[in-house]
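Asks: One-letter residues, chain by chain:
Protein chains: 2
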Amino acid sequence: MIYPDSLEKAITYFKKLPGVGEKSAERMALSILDMDDEVVQELSESILLCKNKLKKCKICASLTENEICDVCSKADNGYRNKNIICVLEDPKSVFAFERAGKFEGTYHILNGLISPIDGIGPDDINLSSLVQRVKELKNPEIIIALKSTIEGEATTLYIKKIFENNNVIVSRLSYGIPMGVEIDYLDEQTLFNALNDRKNLS
Amino acid sequence: MIYPDSLEKAITYFKKLPGVGEKSAERMALSILDMDDEVVQELSESILLCKNKLKKCKICASLTENEICDVCSKADNGYRNKNIICVLEDPKSVFAFERAGKFEGTYHILNGLISPIDGIGPDDINLSSLVQRVKELKNPEIIIALKSTIEGEATTLYIKKIFENNNVIVSRLSYGIPMGVEIDYLDEQTLFNALNDRKNLS
Chain A
0 MIYPDSLEKA ITYFKKLPGV GEKSAERMAL SILDMDDEVV QELSESILLC KNKLKKCKIC
60 ASLTENEICD VCSKADNGYR NKNIICVLED PKSVFAFERA GKFEGTYHIL NGLISPIDGI
120 GPDDINLSSL VQRVKELKNP EIIIALKSTI EGEATTLYIK KIFENNNVIV SRLSYGIPMG
180 VEIDYLDEQT LFNALNDRKN LS
Chain B
0 MIYPDSLEKA ITYFKKLPGV GEKSAERMAL SILDMDDEVV QELSESILLC KNKLKKCKIC
60 ASLTENEICD VCSKADNGYR NKNIICVLED PKSVFAFERA GKFEGTYHIL NGLISPIDGI
120 GPDDINLSSL VQRVKELKNP EIIIALKSTI EGEATTLYIK KIFENNNVIV SRLSYGIPMG
180 VEIDYLDEQT LFNALNDRKN LS
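As they're listed, the protein sequences go chains A and B.
Residue numbers for the first sequence follow the working numbering, beginning at 0 and rising by one.
Residue numbers for the second sequence follow the working numbering, beginning at 0 and rising by one.
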């Protein structure tokens, strides 16, 4: 036994966090000793709170502490556009969109992507409730914002098919070169996508 | 407010851990949601335990849950060599030595290094108790294992001076090239130290 029990335990559990290896876990556990009692208490508590308070929004499946998330209840009250639904893979993407702060519609979280190789079909992700939501809207518009991988594109195409001939505008985010990246650093697929999605300047 | 309150709080407190930025904190907080209840409970608890149970060993100032640490009590019972004291900067170094598993003596943790620039003098680190410990030993040997920085070397020299003319064997770890590193990647000081500490092969 190299570590005292309580240190060993903290290291073991810190290692369960994503991206934390043995060395970082040791550093984190030791840093606890130098923190104020209050901070340690709050850190410990916040972990429990996160697990116990957060649930999925009944409408869009985004994370919330209430029945309905902030964005959806704003939409209910007319402060956001209910008719535009941005389809996302996970709640993290909602935070990214909200940080950007330009989007005025609502979200719909799939919590997964269609992936036949992994045995994940359309019924395994949060799609049926999207169909339900769209049915209740006038002039609905769906913006699909999934990553440009095989799974992301398969899911995008599937959603497009569902709403074909339904008077629903369906678009996806453009693929292309990210801001500030040197062209010669881009992979072939990104370059190819950027070429295909090129924008006419005239 | 981009995040629900409890998520925001967890992210805020995860960011207080060393090496954790906004993105990693978000990832960590979200990972809590996918963990089993039990694991979350234990993680939360282990943080409190760490803070509340760990204290400094009365003899060497290493971390322990008892009055006296494992190493020191083994030495008291004759299972480790009480007469050899390895002087270290912090408890982390003890764990590194114990992992290596080759050292049979005891430790003494300074919890700091002499650094006139930062106003840290000999009285600000855990030195007087080392003098006390050494006084009670027969044929004491001190091995100084501090990093090779200005502060480390200043502290090493200071300790050497204290025990001069006291029948105490004082050594320091050799400076040199670390395992597996290409010679041309080494900085000048390391090369110079390795040259100075060179070992005669005959």
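Keep in mind that a hint or two might mislead.
Copies of the same chain are indistinguishable here, so a pair counts whether it falls within one copy or spans any two.
Stated by the list, open to error - Below are the DSS-like pairs computed for lysine-lysine, each with C-alpha atoms no more than 25 Å apart in a straight line:
1) Lys198 x Lys57
2) Lys160 x Lys14
3) Lys91 x Lys137
4) Lys159 x Lys22
5) Lys159 x Lys15
6) Lys159 x Lys8
7) Lys8 x Lys134
8) Lys101 x Lys55
9) Lys134 x Lys52
10) Lys52 x Lys14
11) Lys14 x Lys91
12) Lys160 x Lys15
13) Lys91 x Lys8
14) Lys73 x Lys14
15) Lys8 x Lys57
16) Lys134 x Lys198
17) Lys52 x Lys198
18) Lys54 x Lys160
19) Lys52 x Lys15
20) Lys101 x Lys22
21) Lys8 x Lys81
22) Lys15 x Lys91
23) Lys22 x Lys198
24) Lys146 x Lys52
25) Lys137 x Lys198
26) Lys81 x Lys22
27) Lys146 x Lys101
Simulated from the structure, these hints should not be mistaken for lab results.
Computed from a predicted structure; not experimentally measured.
Asks: Cα distance capped at 25 Å. Does Lys91 pair with Lys8 within a copy, between copies, both, or neither?
Replies: between (29 Å within a copy, 16 Å between copies)
Asks: First find the shortest C-alpha distance between Lys14 and Lys91 inside one copy, then the shortest across copies, and answer within, between, both or neither for a cut-off of 25 Å.
Replies: both (22 Å within a copy, 17 Å between copies)
Asks: At most 25 Å between C-alpha atoms: does Lys101 with Lys22 qualify within a copy, between copies, both, or neither?
Replies: between (40 Å within a copy, 20 Å between copies)
Asks: With identical chains treated as interchangeable, where does the CA-CA distance between Lys159 and Lys15 reach 25 Å or less: within a copy, between copies, both, or neither?
Replies: Neither. Shortest intra-copy (38 Å) and inter-copy (44 Å) distances fail the 25 Å Cα cut-off.
Asks: How would you label the pair Lys8, Lys81 (within, between, both, or neither) given a Cα cut-off of 25 Å?
Replies: The answer is neither: 48 Å in one copy and 29 Å across copies each exceed 25 Å.
Asks: What label fits Lys54 with Lys160 when the C-alpha limit is 25 Å: within, between, both, or neither?
Replies: For Lys54 and Lys160, neither the intra-copy (30 Å) nor the inter-copy (63 Å) Cα distance is at most 25 Å.
Asks: For the identical chains here, do Lys101 and Lys55 meet the 25 Å Cα criterion within one copy, between copies, both, or neither?
Replies: This pair counts as within: shortest intra-copy Cα distance 23 Å, inter-copy 53 Å.
Asks: Using 25 Å as the alpha-carbon threshold, which applies to Lys73 and Lys14: within, between, both, or neither?
Replies: neither (38 Å within a copy, 30 Å between copies)
Asks: Can you tell me if Lys137 and Lys198 fall within 25 Å by alpha carbon in one copy, between copies, both or neither?
Replies: Classified as neither; 30 Å inside a copy, 84 Å across copies.
Asks: State whether the alpha carbon distance between Lys52 and Lys15 is at most 25 Å within one copy, between copies, both, or neither.
Replies: both (21 Å within a copy, 22 Å between copies)
Asks: Could you figure out if Lys159 and Lys8 sit no more than 25 Å apart (CA to CA) within one copy, between two copies, both or neither?
Replies: neither (49 Å within a copy, 38 Å between copies)
Asks: Indicate which option fits the pair Lys52, Lys198 if close means a Cα-Cα distance not exceeding 25 Å: within, between, both or neither.
Replies: Cα proximity of Lys52 and Lys198: none, with 45 Å in one copy and 63 Å across.
The structure fails to meet hints 1, 2, 3, 4, 5, 6, 7, 9, 12, 14, 16, 17, 18, 21, 23, 24, 25, 26 from the earlier list, while all remaining hints are met.
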